[in-house]
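Asker: Residue strings, one per chain:
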Amino acid sequence: MVAAAVLALLPSPFARAADIRFSDFTQASGIDLTLTCGGTPSREIIEVDGGGVAFIDFDNDGDWDIFFANGARMADPEHGPGSKLYENRGDGTFRDVTQSIGITLTRWATGVAVGDIDGDRFDDLFITCYGRNVMLKNDRGKRFVDVTRETGLGDTRWATSAAFGDIDNDGDLDLYTVNYLVFDANHPPSRQGKEYKGVNVMAGPHGLVAQADILYENTGGRFRDITEDSGCGSVRAGYGLVTTMIDFDDDGRLDIFVGNDSAENFLFHNLGGNRFENVGPFAGVSGNMDGSNQATMGIALADVDRNGRVDFFTTNFSSDTNTLHLNLDGVFFDDRTSQFGLGLVSREFLSWGCGFYDFDSDGDEDLFISNGHVYPQAKTHDIDSDYEQPPVLFERKGPRFERLTYQGSPFETPLKGRAVAFGDIDNDGDVDIVHTTLNDRVRIWRNESPRACVAVVELKQDSHNHRAYGSMVELSVGGKTYRRWITGGGSFQSANAPVAYFGLGDIKDTEAVLNITWPDGAKTTVKNVPLNKRLTVTPKSFQATDLDR
Amino acid sequence: MTCVNALGLIAIALLVVAVATATAQKTDIPSAQPIEPPSRALGTCLRLIQSERYGEARKLADKLVRDFPKSSRACLMLALADHKNHRYEAAKPNFEKAMELDPHDRAVWSFYGWCLYNLGRADEARGMFEKFLKAQPDYADAHFAIGLLDFEADQIADATTRFQTAIRLSAAAKSRSEEAKARARLADVFVRQEKLEQAKQELEKAVKLNPNLYGAFFKLSRVRLRLGDKEGAEQARRMYDLVRERIRPTKGHAE
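Just so you know, the sequences run in chain order L and C.
Heads up: the first sequence begins at 1 in my numbering, then just goes up one per residue.
Heads up: the second sequence begins at 1 in my numbering, then just goes up one per residue.
In isolation and in its complexed conformation, chain C is listed as follows (with noise of 0.2 angstroms):
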């Protein structure tokens, strides 16, 4: 759901690559070849990728980088097409030589960032997130990567903090399921601090905001016994079995 969010960031960015290509093509030397592949080409990546047909989308993406060896956004898709197959070391490099070819391009810092805290990377992801950051302080889903980064770490302050900040940016930005997905990290906060009805709060929100997070219906039917309602814990428990069977997650990979 991260990716998701950030596929919608790079759409948006593709868009403005889109309009700039458009305008450079108008005004360069008939004969010079363009750094960014066309942006129609780049648009058929990203819907290969977002379809999961991640084994067409490298190869399309791999033909632009050949084709287009300046292209940072090339590598990007060619990075985000093993990113988003779980193929975090492949990725790797091509978010490195997006970078390299296009050292302000911020999309790349945060898959990149998300790329190396699933490779267990937690000091060079809170790096990238940071760096984001600094570009971008209003950026719900870096802070919310921090967050789970600091809850990793035990700094369970911070972390509150972190979450809070991606929660208040989320709702401002009007994104429900960013939202909703930082209000169930708050909650595990709130959990390990033995602070249940607080939990309880932020999972009900989380689960009304996006009716899709599974792992909030499981959250909030474990808190609900806890605290002593078995029915409604049951019924939590009944939206997580219902949901997680439609969407079949991949294994180990909540966010």
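Just chain L, same shape as in the assembly (with noise of 0.2 angstroms):
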């Protein structure tokens, strides 16, 4: 078993030179926005988080449009410059299409998640903001319409991330929304006395009110707060930022985690019947492997170890690590940070969104972090830490992660990085990635890595969990098998594109075999599967369309 262990973490029979490569496509791309997040310099917490990104194809046309969320200014945070509906002219460059989808959303916007809410097969979008959250449906991708108040999604508590998912094996799509803390724009709290490593900053979290999260049940498009009693209201609320639904423990029930501020994290197991239990402390998820709490601010997941589980990888405040929970069995996890080299390295940085994805498709995830800190008065020579910083991609090699960096890089610029989110804007079947940073231009990277084999997997099931949240992609070919799971949110109050991206590196005439666990536990097998294409799987069925390379 030891032995299996070890040769699961060799590189990868089909490995080749390491050679990711990215470059700014941001002004090619057609996107030229900044968000806004309060003023410059951030005073309070509210203005430190920045607005979130999501991964939508809105008009079914095949290719990833872009939403993002976009806030406001303390005096007025109702009428903001307007979160931006992007749509993809099919070759990743992309046109605004806010106005004439009618999307008017001027509120202070924070994160976004996308689900289709009422089985039409066509992609809503959530929005937590400050202020009441916002429910847009997609209409047959002609236009949004603001549905809030008929679905009973409009809680005005300030919210940050949320997810889709189907917890109960319904069909549909239920959502949990975290929420972070109580905060009056009007009367912001005193910043006397607030002191980290000497330096006067801005109050909060500690010392303001948490508040507590929600999770709905979607009852035929009107969704039904059923925190207290599924038992996710039996914690103490936390500062949340990021959530994910996924099962950790392949019981066949979609499991919550939710990462919180300097507070305990929370895993919360599916017992079945709407009824959940926090299992965080007992899986060891909900701090370090110290027992210290983190102030999590992302999550990435990913089955680091191949042990067939999926592991979770969340993102901390500067002069801490960040944190690998390897799963072990399904009931317990263990901090394995430093094992893969992830620990020392990221402590002068204060990171938020991240994802695992093979970038050089050489067969096995790298990881990509943005980073930035969030007080503006932050330098290395005070506290450890500038207040811009660069982002951050590990590669994997072997058994480690190891930063890379290289001449020309995009990321070796300083920036005040924070949202982020994965998916293929070109079709060429490899990870491009859509930053977002505060009070500053998005920025659009796109995947200049060499062509390697692929394979680019998407579900569709004829529910209205359309796109099968929750399901796991398995792909087996050349000995080794790699799994993938289809979520209905991403890191850090973002949403990524709901695909399974594997990279094969130079693999030739090899048979490859998918198996799918669909959310309801059903299983499809599909041999022979064709590479370097991209594969629509439904249960019975699956079609393999070229991609753009």
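FYI, nobody ran anything at the bench for these hints, they're computed from the structure.
Accuracy of the hints is not assured; some may be wrong.
Stated by the list, open to error - Each computed SDA-like pair below joins lysine to any residue, with the alpha-carbon atoms no more than 25 angstroms apart:
| id | chain 1 | residue 1 | chain 2 | residue 2 |
| --- | --- | --- | --- | --- |
| 1 | L | K397 | L | R483 |
| 2 | C | K195 | L | D290 |
| 3 | L | K379 | C | K59 |
| 4 | C | K63 | C | A41 |
As the list claims (entries may be wrong) - One side only, chain L facing chain C, incomplete, derived with CB under 7 angstroms:
| id | residue |
| --- | --- |
| 5 | Y196 |
| 6 | G198 |
| 7 | N200 |
| 8 | D384 |
Claimed, not checked - If you want the ones that stay clear, here's a sample from chain L, every Cβ over 10 angstroms from chain C, calculated:
| id | residue |
| --- | --- |
| 9 | D61 |
| 10 | D118 |
| 11 | P189 |
| 12 | S190 |
| 13 | P281 |
| 14 | G330 |
| 15 | D334 |
| 16 | D382 |
| 17 | K397 |
| 18 | Y406 |
C-beta atoms are modelled at their ideal positions from N, C-alpha and C, and glycine is treated no differently.
With the hints as a guide, dock the two chains, each given alone in a separate frame, to form the complex.
Answerer: Right under this line is the structure:
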């Protein structure tokens, strides 16, 4: 067993020389957007998180459009520059369709989740806000209609992240929204006596009142708050910043992870019948290996040790480390940050959105992390961390991750990095990055890594949960098995493209087999899977289309 | 806790300096400016640091550095005022200055090693601890620190040896808290190797040696859980909550 584990950590049999390359494609993409989140410099905690980003194919034309949650200023939180939707022209360039599609949301938006709430096969947008959350129904790709009131999703607490998933396996998408804290823009808390490493800083989150999260059950398009009944309300409220729904113990039921700022993280184990129990401390994901709570900002999921189970990577505050929780057996997690080389190297960064993707398609997943400090006065000399920080790309090299830098990398520039979302904007089979910054330009980083063998797998099923959030996709090829999870959320305040991207290096003429575990536990096997294709798999069929490469 | 021990070392060193300074003052030409500040001033600074009054300590140390520009001890105090306040980058140049002024002061090497460790500069930190051990091979804390760096580098066998050495040396020096933290980290190595029974034994010894080591209670709770001892796990978890509530540790600084 140990030998098998060691073998699993050896370099991929398809590995070739590492060659991850990205270009700054922002200008060429047609997205010229500066997100607003309060003033510059940030003076209050409401002004530090920035806005989220989501991949959504709103018109079902097969390419990924992008939605940005945009904030506002404290003087007028209801009237900011407005959230934006960009339509993909089909080649990775975009045009602003916000107005023409009827999106008029100017409220201070923070995050976004994507899901089809009414089963019409068109993905809708749930937008978390400082102020009333907003549910925008996608009317067949022609326009978005505000259905907040009808759906019952207009809670007014300051929400940060949200995720869709089918928690009761009834075929429709339920929703978990993460709330942060009580903040009155008209009466901001005093910063008197608030110090970090001897530097006077803004107030919070400690000392401010944390807000409880909300779990909603979808009851035919209208949502019912089941937080208390479900048991999710039994925990002491944390300062929530991120959530994901994932079946961590493979029992066929979606569980809920919540990352909290400076407080214990939650892992709500789904007991069935819409009942949950927080097993975070028991499982070992409530804090780090020393029992310290962390300031969890982002989460990324992957089977890092290739034992078949989904592991959690969380991003945290500076002078702390990010944390890799390996899922040992579906019951216990263990903090193995240092084992994989992700510990000390992260101490200088305050990290946010993140994601595991095989950027160079060499058969193992790399890791991208967005960074930037919350305190405008942050300087390395004073608090060991700068205000603007470069994003970090870790390349997986055998059993460890190594920070990748190269001449001409767009990731060398220090930024006020925040949310990030991942998907293939130009349909060439590799994963691109959409990155937001605080009160600064959005960046589009296009993957320019040399072409390698890939498989791009999208799921479709005949239920309201038509993108099959909660599924696991396994690709077996050349004697190895790779796993990806389709989730209805992303890292911090964002939503990734719900697609399984597999990189396979230089592999040729090898028979590939796909095994899908659907949200209801049903399984589908597809043999002789053609590679270098975009594969759309349903429970009973699959279709392969060409990639643009 | 590492720094507490190192501060102890500094206190001893200061006593030596105090004696040396007194001797020097007796024999020096009366008009000559002494190199080191009065030991009383250094002692005041140290006490301010120990009582977490970092701002005041820094102010006093800064004055001492200005008044005694060739004093490595004054530089060390200034560095410590930042170091103990977790401002490692700010502390760094003053550690370097202290080393420059007195290249033989091992206490500075140890603190500087931890400073580099906390800045995530693993290779430089290792170099500093190795330098220390060349001069003083029986210093448990430096073995412990290198053990942490080995663990971070996934050099499990090396980490094991280092932690075992730190345990042996701490026990010989009757330093219970040092032995406790080394045992808790050795338990981490065992957990990584799935040697849960051995991990449990180390953790039980660790919390016995130092009942304030809340992280060890946390780990003990988890190891017992994984071994199927729910009651024992719950007991350790309660202790973890209790001790942690009492200590209210600074986030991210388990050591």
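Asker: Are the hints correct? Go through all of them and say.
Answerer: A quick look at each hint next to the structure:
1. A distance of roughly 18 angstroms separates the Cα atoms of K397(L) and R483(L); the hinted pair therefore holds under the 25 angstroms criterion.
2. As the CA atoms of K195(C) and D290(L) are separated by approximately 18 angstroms, the hinted pair is consistent with the 25 angstroms bound.
3. Distance restraint check for K379(L) and K59(C): the Cα-Cα separation of roughly 20 angstroms lies within the 25 angstroms cut-off, and the hinted pair is therefore satisfied.
4. Taking the CA atoms of K63(C) and A41(C), the gap is about 10 angstroms. The hint holds against a cut of 25 angstroms.
5. At its closest, the beta carbon of Y196(L) sits 9 angstroms from a beta carbon of chain C; the interface hint therefore is violated under the 7 angstroms criterion.
6. This hint holds: G198(L) has a C-beta 5 angstroms from the nearest C-beta of chain C, less than the 7 angstroms allowed.
7. Checking N200(L) against chain C: minimum C-beta separation of about 11 angstroms lies over 7 angstroms; hint violated.
8. Hint status for D384(L): holds, given a least beta-carbon distance of 5 angstroms to chain C, under 7 angstroms.
9. Against the 10 angstroms criterion, D61(L) stays outside the reach of chain C, whose nearest CB is about 46 angstroms from its own CB.
10. Non-interface call for D118(L) relative to chain C: holds, since the shortest CB-CB distance, roughly 43 angstroms, exceeds 10 angstroms.
11. No Cβ of chain C comes within 10 angstroms of the Cβ of P189(L); the nearest lies about 20 angstroms off, and the non-interface call holds.
12. Remark: the non-interface label on S190(L) is consistent with the geometry, its nearest Cβ contact in chain C lying 19 angstroms away (cut-off 10 angstroms).
13. Interface exclusion of P281(L) from chain C breaks down, the closest Cβ pair being 7 angstroms apart, not more than 10 angstroms.
14. Remark: the non-interface label on G330(L) is consistent with the geometry, its nearest Cβ contact in chain C lying 13 angstroms away (cut-off 10 angstroms).
15. D334(L), annotated as away from the interface, has a beta carbon of chain C within 10 angstroms; the closest lies near 7 angstroms.
16. The beta carbon of D382(L) is not kept farther than 10 angstroms from every beta carbon of chain C, the shortest such distance being approximately 6 angstroms.
17. Consistency note on K397(L): stated as away from chain C, and its beta-carbon is indeed over 10 angstroms from all of that chain's, at 12 angstroms minimum.
18. The non-interface label for Y406(L) is consistent with chain C: the shortest C-beta to C-beta separation is roughly 21 angstroms, beyond 10 angstroms.
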